[in-house]
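> With chain Y held as given, fit chain W onto it using these hints.
Going down the list, the sequences are from chains Y and W.
At position 26 of the first sequence the residue is numbered 116 (this note's numbering), and the sequence of numbers has no breaks.
At position 48 of the second sequence the residue is numbered 966 (this note's numbering), and the sequence of numbers has no breaks.
Keep in mind the hints are simulated off the structure, nothing from the lab.
Incorrect hints may have been included.
[Unchecked claim] Label pairs and their in silico Cβ distance ranges:
no. : chain 1 : residue 1 : chain 2 : residue 2 : range
1   : W       : A950      : Y       : T147      : 56 to 64 Å
2   : Y       : M143      : W       : Y951      : 44 to 52 Å
3   : Y       : G108      : W       : F1002     : 53 to 61 Å
4   : Y       : A166      : W       : L954      : 32 to 40 Å
5   : W       : P943      : Y       : G114      : 30 to 38 Å
6   : W       : G1004     : Y       : S139      : 27 to 35 Å
7   : W       : R1044     : Y       : I127      : 19 to 27 Å
Keep in mind the model is a prediction, meaning the values are calculated, not measured.
We put the beta carbon where it would ideally sit given N, CA and C, even for glycine.
Read off the chains here:
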Amino acid sequence: MAAPTIRSLRSPLGRVRGLGAAKGGTHHWWMMRVTSIALLPLTLWLVFSLARMPDATWQQATAWIGRPFNAVLLLAFLAAAFHHTAYGLQEVVEDYVRGEMTKLGALLAVKGLCAVLWLTATLAVLRIAV
Amino acid sequence: MSKTIDTREAVMVGRRSDGTLVRRPLSPHLQAYDMLQMTSALSITHRITGVVWSVGMVFLVWWLASAAGGEASFNGAQWFFGSFFGILGLLGLTAVAWYHTLNGLRHLYWDSGRGFDLPTTYLTGRAVLIGTAALTALTWLVMLITWI
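In isolation and in its complexed conformation, chain Y is listed as follows (with noise of 0.2 Å):
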């Protein structure tokens, strides 16, 4: 292995300070968490409901959909997950990508993509159930 160099006159630490890579850690730790606690039931009810509802016709699906306990709920869940998809790529994303440019990208679009989705989903409901 070659021999450490340091070409600079400034310490180790002073090169590294401020250059943390979350900033924000405590809140996105945090609400990864609370997020997750509210999909805990929420992932329960949605995934035994779409279980009973294999050869639901148009009719059928949009009743359901436009019910408002079931509209509200699903409008709950689409928050909370799309919330903690976001946030959890996030990590992925700072783990693997390396480079703060193409770093900063891939983030960029995730967000907007989980925006553009939860957008999405969101409109449909509202559009079935109001």
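Chain W in isolation, oriented as in the chain Y frame:
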């Protein structure tokens, strides 16, 4: 970019008390650890199932949007979900969703500061695997009973 390299370099190089530079040792990572241990295998599976579920969310959005779009578009989506690849995908997604949910519960348990000793870690790990199989089977049993 240059900052990233600089940061890595800065934290990897240390100095002995006599002033000579020394490359700090990396913790033995992929070369030394057996990747097929249950602990590390379940850990990376949690991340993979999270990413797969993210992709699966696109299908939920498609299903809802097709229902809002009218009967014809809804029937198109339903045809796909009822096709061979649709059923295969949904079956996989069911297992992925239950795994990520149950292992997420395991993570919340760890967050409370409990369950870190090795016997408990293996016990909860096995519980997640058995629970995933059981819930996946139950979900599809419910589906089959409704369908018949």
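> Now tell me if each hint is right for this structure.
For each hint, the structure was consulted:
{"no.": "1", "hint": "W:A950 - Y:T147: 56 to 64 Å", "verdict": "holds, 58 Å"}
{"no.": "2", "hint": "Y:M143 - W:Y951: 44 to 52 Å", "verdict": "holds, 45 Å"}
{"no.": "3", "hint": "Y:G108 - W:F1002: 53 to 61 Å", "verdict": "holds, 54 Å"}
{"no.": "4", "hint": "Y:A166 - W:L954: 32 to 40 Å", "verdict": "holds, 39 Å"}
{"no.": "5", "hint": "W:P943 - Y:G114: 30 to 38 Å", "verdict": "holds, 31 Å"}
{"no.": "6", "hint": "W:G1004 - Y:S139: 27 to 35 Å", "verdict": "violated, 18 Å"}
{"no.": "7", "hint": "W:R1044 - Y:I127: 19 to 27 Å", "verdict": "holds, 24 Å"}
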